[in-house]
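Protein sequence lines, in the order shown, are assigned to chains H and G.
By the count of this note's numbering, the first sequence reaches residue 388 at its end, each step adding exactly one.
By the count of this note's numbering, the second sequence reaches residue 233 at its end, each step adding exactly one.
Think of the hints as simulated: they come from the structure by calculation, not from any bench.
A hint or two may mislead.
Computed cross-link-like contacts, DSSO-like style, restricted to lysine-lysine with a CA-CA straight-line distance of at most 30 angstroms [unchecked claim]: (1) Lys-298/H x Lys-124/G; (2) Lys-298/H x Lys-194/G; (3) Lys-377/H x Lys-143/H; (4) Lys-81/H x Lys-119/H; (5) Lys-124/G x Lys-173/G; (6) Lys-221/G x Lys-377/H; (7) Lys-298/H x Lys-173/G; (8) Lys-59/H x Lys-122/H; (9) Lys-92/H x Lys-15/H; (10) Lys-329/H x Lys-377/H; (11) Lys-18/G x Lys-39/G; (12) Lys-221/G x Lys-18/G; (13) Lys-377/H x Lys-132/G; (14) Lys-143/H x Lys-122/H; (15) Lys-73/G x Lys-18/G; (16) Lys-144/H x Lys-122/H; (17) Lys-298/H x Lys-18/G; (18) Lys-194/G x Lys-377/H; (19) Lys-129/H x Lys-189/H; (20) Lys-226/H x Lys-122/H; (21) Lys-109/H x Lys-15/H.
A few chain H positions that, by computed beta-carbon distances, are all more than 12 angstroms from chain G [stated by the list, open to error]: (22) Arg-69; (23) Phe-100; (24) Val-153; (25) Lys-189; (26) Arg-283; (27) Phe-295; (28) His-299; (29) Val-380; (30) Val-381; (31) Ser-382.
Think of the CB as a built atom: it goes at the ideal place given N, C-alpha and C, for glycine as much as any other residue.
Take a look at the letters that make up each chain.
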Amino acid sequence: MGLVTIAVRNIWRNKLRTVLTLSAVTVLVIFFLLLRTVIWSWTASAEQGARDRIGTRHKVSFIMQLPRRYVEEIRSVPGVKQVAHASWFGAKDPNHTDDFFSTIAVEPKEFLEVYDEIKVPKDQVEAWKQDRQGAIVGDVLAKKRGWKLGQKVVLQGTIYPGDWEFHVSGIYTADSPTVDRSTLWFQYKYLDESRAPRLQDQVGWIMARVDDPGRAAEIAKAVDKKFDDRDIQTLSMSERALQASFLGMVSAILRLIDVVSFVMVLIMGLILGNTIAMGVRERTHEYGVLRAIGFLPKHIVLFILSEGLALGMLGGLIGLAIGYPFVQKGMGPAMEENMGAFFAFFRVTPELVVASFFLASGLGLAAAIIPARTASKLEVVSALRRVG
Amino acid sequence: MSDAEKGAAKGTMISLEKVRKSFTRGREQLDVLAGLDLKIEEGSFDALMGPSGSGKSTLLNLIAGLDQPTSGKVIIGGADIGSMNEGQRAGWRASNIGFVFQTYNLMPVLTAVENVELPLLLAKLPAAERRKRAEIALRAVGLEDRAGHLPSQLSGGQEQRVTIARAIVTDPKIIVADEPTGDLDRTSADEILKLLEKLNTEFGKTIVMVTHDPAAAERAKVVHRLDKGVLAN
Chain H
1 MGLVTIAVRN IWRNKLRTVL TLSAVTVLVI FFLLLRTVIW SWTASAEQGA
51 RDRIGTRHKV SFIMQLPRRY VEEIRSVPGV KQVAHASWFG AKDPNHTDDF
101 FSTIAVEPKE FLEVYDEIKV PKDQVEAWKQ DRQGAIVGDV LAKKRGWKLG
151 QKVVLQGTIY PGDWEFHVSG IYTADSPTVD RSTLWFQYKY LDESRAPRLQ
201 DQVGWIMARV DDPGRAAEIA KAVDKKFDDR DIQTLSMSER ALQASFLGMV
251 SAILRLIDVV SFVMVLIMGL ILGNTIAMGV RERTHEYGVL RAIGFLPKHI
301 VLFILSEGLA LGMLGGLIGL AIGYPFVQKG MGPAMEENMG AFFAFFRVTP
351 ELVVASFFLA SGLGLAAAII PARTASKLEV VSALRRVG
Chain G
1 MSDAEKGAAK GTMISLEKVR KSFTRGREQL DVLAGLDLKI EEGSFDALMG
51 PSGSGKSTLL NLIAGLDQPT SGKVIIGGAD IGSMNEGQRA GWRASNIGFV
101 FQTYNLMPVL TAVENVELPL LLAKLPAAER RKRAEIALRA VGLEDRAGHL
151 PSQLSGGQEQ RVTIARAIVT DPKIIVADEP TGDLDRTSAD EILKLLEKLN
201 TEFGKTIVMV THDPAAAERA KVVHRLDKGV LAN
């Protein structure tokens, strides 16, 4: 038996209060895990973008198009190895109009060269190249929709209205967990030939692989310089920066989630502090007895800090024991399946697990500091007079 | 060497010389002890009696080293309590004083034997040795069969006996008891008083007991009556 053992036992003196406090901490830890995972998952794709890829878009806005001829001109910039273009299509499954997934038009050969983390069996690649209406879909999307190879899929265009028929030529997977496996990539030729002549030969953005990732910024500048004196100027940047600029649209939401997650931490601290302060106030007389029989103020501090730490650790452990499987096995797969475009990989990272545990423990400890200081400063005789 | 210090050398365990204790309440100064002199011999069993507000508990707090006098000297077993800082007094209390309180003041989350073991946590003893000593103390008060019981599972008399076991486990020279029978029925009170007598006669402990109960005071060898901060007898 030691002071720490007594402190831990003290946690259960008022079972109802402790259960309510632990429940509150547990719920807050779960929400903290969830919100931090939302932020991490949303930004992971940008942070894990390939270092040897640069993206080029219209200088004014990424919703404006670039002439397709720029693809070849970028290919001629020294240091550029491979180039691919992509155009946002925007379509919905008429049977599931609330479900969002990306639909993007690309040139199959160039696309798969530049995005070599996307894996498609060779025969399926060939089938895609041969079929003007062919498309490859991510395995997550295919599973969710029940789409099979060779299946005809009719989508409703949102930017280009009407029914668009596609054939599932291939189902792709990826060797990186942050790659969205819920996208439908289809032949640019199909889009371009089907739209009005004034809209033809335009692309959304151009991605280029460079031979030296260390020179990516320099090559991006060289690309932009090439189009400086044209009517349509470009803005080139690393893939990470490009994806971050897409995220710029939702940065306010991310900041809000960030703030909310830290407000939760604050609430957790206040709840723990309140519980510890109440317990300490009720037990002032006992601290007086401990002081009377020879314990020093530092022992009282240790006693109360141990109680706070134990409460925080317990809350953190219970929160993680429930929250981790909840996010990892429940919400994660559901988010990846239904919102793969935003949350390609929605899982709790080991770093977040460790951080959440230490945060809850640290808060328990911090919340006990003021009650511990107050109790340790009490005069023995005054403490003995107090009735709990 | 003062008279008090000389007294200690002659077998006086507790010596108070011109002790004053004042409290300030607002602008008013309250003299609870007004120049009190007191000597208690080693191995004595003294009772402090007096009406409420007479200064009994304040006097006991000074003897136990829980408080310091406003002026005067408090010499306990040769040690000048008034010159010690709080840390020194805490260490001194741990090895020299055993406390018995009116309301027992046991830790409700600890079993009887763990409560008795509590003061030994400061003694840097191995856990097994601590437990052994706590069990011996519990046996001395006749509660060895209640070692694993929580205070809530004990009667008032049993709780007070555990408190006494806790008071003697460090083998202190002095036991201070503040109304030790105040919350007990007559039978239990008699048992506690017998136990205190036994500690005094068989183990040679010096006992200072504050009490309102004349029957309890009768067990003491010496009775001091306080009134308005001075000894009346």
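Taking the hints in turn, this is what the structure says about them:
no., hint, in the structure
1, Lys-298/H x Lys-124/G, "holds, 16 angstroms"
2, Lys-298/H x Lys-194/G, "violated, 37 angstroms"
3, Lys-377/H x Lys-143/H, "violated, 65 angstroms"
4, Lys-81/H x Lys-119/H, "holds, 20 angstroms"
5, Lys-124/G x Lys-173/G, "holds, 20 angstroms"
6, Lys-221/G x Lys-377/H, "violated, 38 angstroms"
7, Lys-298/H x Lys-173/G, "holds, 26 angstroms"
8, Lys-59/H x Lys-122/H, "violated, 37 angstroms"
9, Lys-92/H x Lys-15/H, "violated, 53 angstroms"
10, Lys-329/H x Lys-377/H, "violated, 49 angstroms"
11, Lys-18/G x Lys-39/G, "holds, 12 angstroms"
12, Lys-221/G x Lys-18/G, "holds, 24 angstroms"
13, Lys-377/H x Lys-132/G, "violated, 34 angstroms"
14, Lys-143/H x Lys-122/H, "holds, 20 angstroms"
15, Lys-73/G x Lys-18/G, "holds, 7 angstroms"
16, Lys-144/H x Lys-122/H, "holds, 23 angstroms"
17, Lys-298/H x Lys-18/G, "violated, 34 angstroms"
18, Lys-194/G x Lys-377/H, "violated, 38 angstroms"
19, Lys-129/H x Lys-189/H, "holds, 10 angstroms"
20, Lys-226/H x Lys-122/H, "violated, 36 angstroms"
21, Lys-109/H x Lys-15/H, "violated, 66 angstroms"
22, Arg-69, "holds, 80 angstroms"
23, Phe-100, "holds, 55 angstroms"
24, Val-153, "holds, 66 angstroms"
25, Lys-189, "holds, 77 angstroms"
26, Arg-283, "violated, 9 angstroms"
27, Phe-295, "violated, 7 angstroms"
28, His-299, "violated, 8 angstroms"
29, Val-380, "violated, 5 angstroms"
30, Val-381, "violated, 5 angstroms"
31, Ser-382, "violated, 10 angstroms"
Comparing the model with each earlier hint shows violations of hints 2, 3, 6, 8, 9, 10, 13, 17, 18, 20, 21, 26, 27, 28, 29, 30, 31; every other hint is respected.
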